[in-house]
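> Given chain X's structure and the hints, the job is docking chain A onto it.
Protein sequence lines, in the order shown, are assigned to chains X and A. Take 1 as the starting number for the first sequence in our numbering and just add one per residue. Take 1001 as the starting number for the second sequence in our numbering and just add one per residue.
Hints are computed from structural coordinates only; laboratory data are not their basis. Computed from a predicted model, the values in this text were never measured in an experiment. Virtual Cβ for every residue (Gly too), placed ideally from N, Cα, C. Be aware that a few hints might be false.
As the list claims (entries may be wrong) - Which bits of chain X does chain A cover? Going by a derived footprint, with three or more residues having C-beta under 8 Å, they are:
#1 18–27
#2 38–49
#3 57–65
#4 198–212
#5 256–262
#6 265–274
What the hints assert, rightly or not - Pairwise CB distance ranges (calculated):
#7 Lys193/X - Lys1002/A: 49 to 59 Å
#8 Ala108/X - Arg1106/A: 26 to 36 Å
#9 Glu130/X - Glu1100/A: 39 to 49 Å
#10 Gly266/X - Ala1014/A: 52 to 62 Å
#11 Arg1106/A - Asn226/X: 19 to 29 Å
#12 Lys216/X - Gln1061/A: 24 to 34 Å
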Amino acid sequence: MTKYAFFLGCIAPLRYPGIEKSTREVFKTLGVELVDMQGANCCPAPGVIKSFSKATWLAAAARNLALAEKEGLDIVTICNGCYGSLFDAAHELHENKEMLEDVNKVLAEIGLEYSGGTKVRHFAEILYNEVGIEKIKGAVKKPAEYNVAAFYGCHFLKPSKLKQLDDPENPKIIDELIEAVGAKSVLRKQKAKPICCGAGGGLRSQFGDAALKFTKTNLEIMKNANAEMIVDVCPFCHLQFDSGQKDSGYAFPVLHLSQLYGIAMGMDVKNLGINAHITPVKI
Amino acid sequence: MKKIESEFIEELAANGGSSATLCFQCGTCTLKCPSAKFTAAWRPAHLMRAAQLGLKDMALQADALWQCTTCYTCVEWCPCNVQVVDVITALRNIVVANGELYENHRKVAQNLVELGHTIDNNDKIKSIRKELGLPENPQTVMDDAAAKADFDKVLNRTEFTKLVK
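Next up, chain X with everything else stripped away, as it sits in the complex (with noise of 0.2 Å):
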């Protein structure tokens, strides 16, 4: 399928719309159709929505779900959180007929019905095994010569007895990724490899000083094995990352992988969206 139901979530359009601006134009440069997800709702998040109630979680979720389904659409996110919770939600309503009987109630009131036959993607994932490196490598016109720390967030590949993606601490996709257009991932033969960002599961919004803990650690390790820059695949990591690194002595340009296939496809700098990142973006 190279047609996607394009799920946006909240901190890439409303934080970082470069990141949703520069997936657009990868996706079309790639060959692969976006069909925005007209009235979508949060997707919503794991770590907090899911945290105060699962019920009202599952059924948001599934009136996501519902949505990309009428159109008959798999969808395609841009973040490891919407992935994380849209999967989880698509997974547990297949699973269980009980639970998704429960939902079919909720989403009779608003005319919608699931039947538990949307698959989520996440556009890392798409990149890797649907496009796949050898025509993301005819793709570049301007190879990112950077020393790159690829970073990959927890819910991308975790858990990974669910994503069956890529072993989670060992990984390789998004390393190949990013060296496909020209990078060199700099952690791929590292010993030390990042931990979360700190920012999932409400840590961020009630104890910020722990999560910037998180992020230190990382910083460091990235520091360590020259970096010039990170990539991510989450805006909630990128988030971290970005406003995490104010007075922190570091200042690492922090760019979610759709911006740097952006720059290396040749997109304009000012589609990018860099004007809207804390931590300066030099390229």
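Here is chain A on its own, set in the frame of chain X:
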């Protein structure tokens, strides 16, 4: 003496946290947990023990319970297949159902009620979106009153609006 509340184990299971009973206290989750390194209160193995024994007060201690980032490292490493994150989510749901919510978290929840998103738009973002050739508001519930009304029904029907007021 700590009070054991056996009905709490059932309440936990009803909220999706039944796998806590599988824990045999090897401590791998605590060893691998990044949050346990950075915070004094948080030890996931202790929480699993409290949950499986029905030590309700201990399991629901607020500060410790909300130190988890849901990174799933514990779930990857657990030799007993305890779904640690699901147990934590279940415990958190029980706490919130009792009306306890940090104000910072309540704000996020109220954003969802008001906007259909966890965060608001602002003038700076609107102008950047315009420069990028994107509509000022994303084409979501934020830009579609009928869709927002539908979403409100989902929140009301699942009693979220009342829960986070």
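> To test your reading of the hints: which numbers does this structure violate?
The structure conflicts with hints 5, 7 and 11, although it agrees with all the remaining ones.
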